[in-house]
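Using the sequences and the hints given, assemble the complete structure.
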Amino acid sequence: MELYFTRLHWNTHTFPVAATADGLCYVGAWDEPEDLFDDWSRKHFPRADRIASDTALAPYTEQLLAYLNQQSTTLSFPIAPVGTPFQLEVWNALRAVPYGQTATYSDIAERLFRPNATRAIGTAIGKNRLLLAIPCHRIIGKKGDLLGYHGGLNMKRTLLALEQRL
11 MELYFTRLHW
21 NTHTFPVAAT
31 ADGLCYVGAW
41 DEPEDLFDDW
51 SRKHFPRADR
61 IASDTALAPY
71 TEQLLAYLNQ
81 QSTTLSFPIA
91 PVGTPFQLEV
101 WNALRAVPYG
111 QTATYSDIAE
121 RLFRPNATRA
131 IGTAIGKNRL
141 LLAIPCHRII
151 GKKGDLLGYH
161 GGLNMKRTLL
171 ALEQRL
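Its first residue numbered 11, the sequence shown is counted upward by one per residue in my numbering.
Hint data in this document are derived by calculation from the structure and do not stem from the laboratory. Misleading hints may appear alongside valid ones.
[To be verified] If you anchor each label on the Cβ, the simulated ranges turn out as follows:
1. L46 / A106: 22 to 30 Å
2. Q174 / R60: 19 to 27 Å
3. D59 / K153: 43 to 51 Å
4. F87 / L46: 19 to 27 Å
5. P95 / R175: 32 to 40 Å
6. S116 / A58: 17 to 25 Å
7. R167 / I61: 32 to 40 Å
The model shown is predicted, which means the values in this text are computed figures rather than measured ones. Where is the CB? At the ideal position from N, CA and C, for every residue including glycine.
So this is what it looks like as structure tokens:
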């Protein structure tokens with residue numbers, strides 16, 4: 011198996027992007043240290059051939075840049091998230107939150123018919139490593155507060171603001 015990766019440059023930020031033949035599997039935080047992706051890839055794809063390739067990632071990076079540059083509100087490429095069945099269920103629910111809108115952790119719990127699982131849902135959201143493609147930045151606290159985000163609150167604020175400006 012091959013794991014293709016590159017670092018995407020947008021604005022003043024650089025972040026890792028990776029995919030397998032099945033689809034995009036990693037979009038990291040802006041300016042995250044390279045060892046975070048290295049550790050993740052070795053853990054989840056220990057036998058994969060890791061190949062740096064801008065060309066192989068171009069179908070993904072072009073759409074991600076169009077999103078970040080407010081030229082597109084959708085991402086239509088295949089994704090191949092790596093997680094537990096519960097995490098995959100939660101992440102799938104996040105993809106149903108429309109561009110430019112937000113939902114609370116409780117909203118996601120209700121959508122999954124697990125009203126008492128808000129904390130577990132928050133933990134699953136925190137494990138998402140397909141930032142942007144699985145829009146966990148759209149999930150906020152019950153009172154509208156911005157809670158934790160793997161990419162940091164500045165990245166979350168920026169993404170929410172981008173989606174409001176289009």
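Right, here's what the structure says about each hint:
1. L46 / A106: 22 to 30 Å: Holds - the Cβ-Cβ distance for L46 and A106, about 28 Å, lies within 22 to 30 Å.
2. Q174 / R60: 19 to 27 Å: At roughly 37 Å between Cβ atoms, R60 and Q174 fall outside 19 to 27 Å, so the hint is violated.
3. D59 / K153: 43 to 51 Å: holds (47 Å)
4. F87 / L46: 19 to 27 Å: holds (22 Å)
5. P95 / R175: 32 to 40 Å: Once the Cβ atoms are compared, 36 Å apart, the range 32 to 40 Å for R175 and P95 holds.
6. S116 / A58: 17 to 25 Å: violated (37 Å)
7. R167 / I61: 32 to 40 Å: holds (34 Å)
Hints 2, 6, counting from the list given before, are not met by this structure.
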